[in-house]
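Enquirer: Chain residues, written in single-letter form:
Protein chains: 2
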Amino acid sequence: MSLRIPGPTPCPENVLQAMSKQMINHRGKEFGTLIQQVTSRLKELFQTKGDVLILTSSGTGSMEAAIVNSLSPGDKVLSLSNGVFGDRFATIAERFGAEVTRLTFEWGRAIDPDAAKPALESDPKIKAVLVTHNETSTGVTNDLAAVANVAKQYDKLLLVDAISSLGCIDLQVDAWGCDVVVTGSQKGWMVPPGLAFVSVSQRGWQAHAEAKMPRFYWDFSKAKDFLGKSQTPWTPAVSVFYALGIALEMMAEEGLPNIFARHAHLGQRTREGVKALGLSLFADEKHASNTVTAISSPSGVDSKRLVDTVREEHGIVLAGGQGNLAGKIFRIGHLGFVTEADIDGVIAQLRLALPKLGYKLPAG
Amino acid sequence: MSLRIPGPTPCPENVLQAMSKQMINHRGKEFGTLIQQVTSRLKELFQTKGDVLILTSSGTGSMEAAIVNSLSPGDKVLSLSNGVFGDRFATIAERFGAEVTRLTFEWGRAIDPDAAKPALESDPKIKAVLVTHNETSTGVTNDLAAVANVAKQYDKLLLVDAISSLGCIDLQVDAWGCDVVVTGSQKGWMVPPGLAFVSVSQRGWQAHAEAKMPRFYWDFSKAKDFLGKSQTPWTPAVSVFYALGIALEMMAEEGLPNIFARHAHLGQRTREGVKALGLSLFADEKHASNTVTAISSPSGVDSKRLVDTVREEHGIVLAGGQGNLAGKIFRIGHLGFVTEADIDGVIAQLRLALPKLGYKLPAG
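Here the protein sequences line up with chains A and B, keeping their order. Position in the first sequence (from 1) plus 45 gives the number in our numbering. Position in the second sequence (from 1) plus 45 gives the number in our numbering.
One should not assume that every hint holds.
Identical copies carry no separate label here, and so any pair may be met within one copy or between two of them.
Said to hold, decoys possible - List of simulated lysine to aspartate or glutamate pairs, DMTMM-like, C-alpha gap at most 20 Å:
1) 320 - 387
2) 257 - 219
3) 88 - 58
4) 121 - 168
5) 274 - 353
If you're looking for bench data, these hints aren't it; they were derived computationally from the structure.
Sequences and hints are given; from them, build the entire structure.
Expert: The structure is reproduced here in structure tokens:
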């Protein structure tokens, strides 16, 4: 069974093998060497000289961590959202007492960075901007550099969900001025789920010092203090650290420019393959994601049935639509440990599966 | 290197091998079967017919989850603490706005359940009692049945940190009336860290429905809703689920009475071995834990140096003291996948190591 969902993504064999290593003391030297090594490599991949902290949680946990470490109840926040995950980020902020202005954009379209300006101008009390770099639910990559530019222009804190982009698509944490950026191990990192990574800028630390939302498990100061002792405050998912050590070595060997180029190529190839089947991309192609492609189900075909057929009869696991898009779109993940042959395989199987559901392939 | 700390504990080889299995869709059938299977086995081991939820986090995360799902800011809470972890539970509650009355007991001594009565009588507004079943920092097992009895007598909600006891020491969640009980995968469960398990009673659910502390990642309702679909709300630590499946099968084969008897035997053997070396148990022996033994460092011996020597020259990793006990005690973990031979090995190496630090072994 080939896994082509946007996470968990398949892991390389040597990464999986590392998972089966026996436990060690998470307060001992061996773990200390490992956490320093992976933290230093993560900083390179985050393109930051700031801090990167590692939490034991899913990506959603790190979104909560970004909120509660940066804000106080009553703080005004501008949320820019064009999908399920953008909405989730805003909901978390509201749940912890932030006053959120939600600027929503059509699902499948990119966020318009300029649209944020009137909102920021009309309410100078807005403290932070929340944004999703790559909206996994619709296959859209937002122009984070431009959003960051607007946030800086208005002197706002910028919190970024980069769960399905970091390590796959260019994200220049320092150069663009992103204050808190979060991602999860089971995405581009080629590692099983269980860890999340968070960068914190100088400005992020200032916000943290003032932030009054309640926190304990997620506390960035605790994580930083313990990292100073080459530890985590709470028992970490040690096995996922082992896997991460191997995966980051592979990523360092490949090099960031090659990783970005590979994902760009895979994204392009997926989109071309899908279009050659006569299908329509759900996302605006100018902003189509290089880590996940969303495809509109052809008329008369329920995307749930298509996903079931492809899985049960063709051995490939695709993702359906989330929220309002259930039944209407399906999604192909192409982030992390994925090759051109994997993508060609998905397209070939779709070519066989679609006619079973009454879809007529284009001639030629 | 043999790991004899109170977590992470060593894992059986087949549990470790399960960790290296390739990723699957966490919203697919295979994961669905697995989560239902492990949940049903966990319920047996928790001795509950109530709900058991699985979170991706360390044990501390599940302590936070117990608090924020059960209480509202301003709620009065009685904390019974005799060590680092009892104090931590109270601190988390305070951090989220509970008004905590701290009843503290001498470290190394057990909590006196009767001592809770005057506090509960004098302040009828107290809503919940927080207690640690097995205090890992001092090697004391508190009489949870008696504490639960007092809590029920005064009609209070009971939140229990059973991180280093559940699955090792008898804990009858339903029979004793424990409302929320939390534990972590890296303790008695013989599984790497990354998952935490939480039981919630009917009364726990009532408290949850009224509880207003902010929560998103830890939300018990979300976890229960998704469990109904054989999923978790957020991407879980899939590999640790694989390992848990194997470990729970082993535990089911051994059977709870045998597991408890084995830990009782290992605890007894550790205490006897330590005393035969002329050392003193730190904990009151009547309440000595069967999962971790704390030993007072003999006069003139810094326990940190002893732990270093035993690790570097004798290949065994012991734990030092935490908080005020740093340098003063050392601890031997004997929970999970541990045998009599492992304990005898620790004692034999201590016999060789202690004289190097100037300690005179008793004659004979």
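Enquirer: Take the hints in turn and mark each one as holding or not.
Expert: Against the structure, the hints:
1. Proximity of residue 320 to residue 387 under the C-alpha cut-off of 20 Å is restricted to the intra-copy arrangement: shortest distance 17 Å within a copy versus 62 Å between copies.
2. Proximity of residue 257 and residue 219 under a CA criterion of 20 Å is satisfied in neither setting, with 25 Å inside one chain copy and 37 Å between copies.
3. Taking the closest pair of Cα atoms, residue 88 and residue 58 never come within 20 Å of each other, the shortest separation being 25 Å inside a single copy and 34 Å across copies.
4. Proximity of residue 121 and residue 168 under a CA criterion of 20 Å is satisfied intra-copy only: 9 Å inside one chain copy versus 38 Å between copies.
5. For the homomeric pair residue 274 and residue 353, the shortest alpha-carbon distance between copies (17 Å) is at most 20 Å, but the shortest distance inside one copy (49 Å) is not.
Violated hints for the displayed structure, listed by number in ascending order: 2, 3.
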